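Sequences are here, hints too, so could you generate the full structure?
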Amino acid sequence: GRLVGAAAGAHLAHYTAELGGKTPLVVFQDADVPQAVNTAAFGAFVASGQTCVSASRAAVHSSVMDAFVDGLAAKADAIALGDPLDEATQMGTVITHAARDRMHAMVQAAVSAGATVAAGGYVPSMPGALAGGAWYRPTVLRVTPDMDIWREEVFGPVMVVTSFDTEEEGVELANDSPYGLGAAVWTSSVSRAHRVADAIEAGVVWVNDHHRNDPSSPWGGFKDSGFGRENGPEAMDEYTEAKSVVVRCSDESFDWFQQPAARYG
1169 GRLVGAAAGA
1179 HLAHYTAELG
1189 GKTPLVVFQD
1199 ADVPQAVNTA
1209 AFGAFVASGQ
1219 TCVSASRAAV
1229 HSSVMDAFVD
1239 GLAAKADAIA
1249 LGDPLDEATQ
1259 MGTVITHAAR
1269 DRMHAMVQAA
1279 VSAGATVAAG
1289 GYVPSMPGAL
1299 AGGAWYRPTV
1309 LRVTPDMDIW
1319 REEVFGPVMV
1329 VTSFDTEEEG
1339 VELANDSPYG
1349 LGAAVWTSSV
1359 SRAHRVADAI
1369 EAGVVWVNDH
1379 HRNDPSSPWG
1389 GFKDSGFGRE
1399 NGPEAMDEYT
1409 EAKSVVVRCS
1419 DESFDWFQQP
1429 AARYG
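Here the numbering used here is used: the sequence shown runs in plain steps of one and ends on residue 1433.
No lab work stands behind these hints, which were simulated from the structure alone. Predicted model only: the values in this text are computed from it and were never measured. Virtual Cβ for every residue (Gly too), placed ideally from N, Cα, C. Treat the hints with care, as some may be off.
[Stated by the list, open to error] Now the in silico label distances, taken between C-beta atoms and shown as ranges:
(1) LEU1180 <-> ASN1206: 44 to 52 Å
(2) SER1230 <-> ALA1277: 20 to 28 Å
(3) HIS1265 <-> ASN1206: 27 to 35 Å
(4) PRO1346 <-> GLN1197: 24 to 32 Å
(5) GLU1420 <-> VAL1375: 55 to 63 Å
(6) ALA1248 <-> ARG1270: 22 to 30 Å
(7) SER1412 <-> ASN1206: 50 to 58 Å
(8) ALA1299 <-> HIS1362: 43 to 51 Å
(9) ARG1270 <-> VAL1358: 38 to 46 Å
(10) GLU1406 <-> VAL1291: 36 to 44 Å
(11) VAL1291 <-> ALA1410: 49 to 57 Å
(12) PRO1428 <-> ARG1363: 53 to 61 Å
(13) PRO1252 <-> GLU1398: 22 to 30 Å
[Claimed, not checked] Heads up, simulated EDC-like pairs for lysine to aspartate or glutamate below, C-alpha to C-alpha not over 20 Å straight-line:
(14) LYS1391 <-> GLU1402
(15) LYS1391 <-> ASP1344
(16) LYS1243 <-> ASP1377
(17) LYS1391 <-> GLU1186
Listed below in structure tokens is the structure:
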């Protein structure tokens, strides 16, 4: 994004940029935890975790932490890997072996730093013609916020989870990343949902949901996730230029230099 911006700047060209993300989920104690688990699994593992707003990290209230992690781990373990043309398949490969090796190295580094593997975390053996694919099991890690994997984008089927005790801590954890594309808030409190959504530094915030988008809703990020907006009326501003046309309608004579002590400004 910075390289594109530099190239565009050399030509004084306008551009928009949707860049990386490290989408947080903030799951409060009054959330519907089973539904949060199901939606988090969808958000984290659809398209093998390779979407710009993949649900890649979760800050979960300590009172529901075990229930959330256990449920998500069970969901991850049950996902069927296989040929994408097989309707029984639920997840395919990641894009390249290099990408798979990079994400596995990030998982291993987190484990070496003290993370606990709740699900996945390894390269699976696949049968027959599938053996050569860039496979990776859906992974769930319990981490601490000081680990690099909490803040850095993996871009694969890996979700990291940590806990919090207060609303302020939950918001702080959500904002603890250089990225700010998407986020999700899980709560049954309407006032908390609006309060936390307002405090989170992200261009798109879901409440009790994930990945939903509407063409009438602007889409774009804060911080290192880029700038500019697609969709919604705001998108028109990115592809149009405003013009002012000023028409003098008065028939009164005008001569600036015949005005005593005329000054401009």
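Hints and how they fare:
1. LEU1180 <-> ASN1206: 44 to 52 Å: 48 Å, holds
2. SER1230 <-> ALA1277: 20 to 28 Å: The hinted range 20 to 28 Å holds for SER1230 and ALA1277, with Cβ atoms some 25 Å apart.
3. HIS1265 <-> ASN1206: 27 to 35 Å: Once the Cβ atoms are compared, 31 Å apart, the range 27 to 35 Å for ASN1206 and HIS1265 holds.
4. PRO1346 <-> GLN1197: 24 to 32 Å: Given a distance of about 28 Å, which is inside 24 to 32 Å, the answer is holds.
5. GLU1420 <-> VAL1375: 55 to 63 Å: 59 Å, holds
6. ALA1248 <-> ARG1270: 22 to 30 Å: Check passed, 24 Å falls within 22 to 30 Å.
7. SER1412 <-> ASN1206: 50 to 58 Å: 52 Å, holds
8. ALA1299 <-> HIS1362: 43 to 51 Å: 50 Å Cβ-Cβ, so the 43 to 51 Å window holds.
9. ARG1270 <-> VAL1358: 38 to 46 Å: At 41 Å between Cβs, range holds.
10. GLU1406 <-> VAL1291: 36 to 44 Å: 41 Å, holds
11. VAL1291 <-> ALA1410: 49 to 57 Å: 53 Å, holds
12. PRO1428 <-> ARG1363: 53 to 61 Å: Cβ of PRO1428 to Cβ of ARG1363: about 60 Å, so the range 53 to 61 Å holds.
13. PRO1252 <-> GLU1398: 22 to 30 Å: 27 Å, holds
14. LYS1391 <-> GLU1402: 18 Å, holds
15. LYS1391 <-> ASP1344: Roughly 11 Å separates the two Cα atoms, so the pair holds.
16. LYS1243 <-> ASP1377: 17 Å, holds
17. LYS1391 <-> GLU1186: The given pair, whose Cα atoms are some 11 Å apart, holds under the 20 Å limit.
The structure meets every hint from the earlier list without exception.
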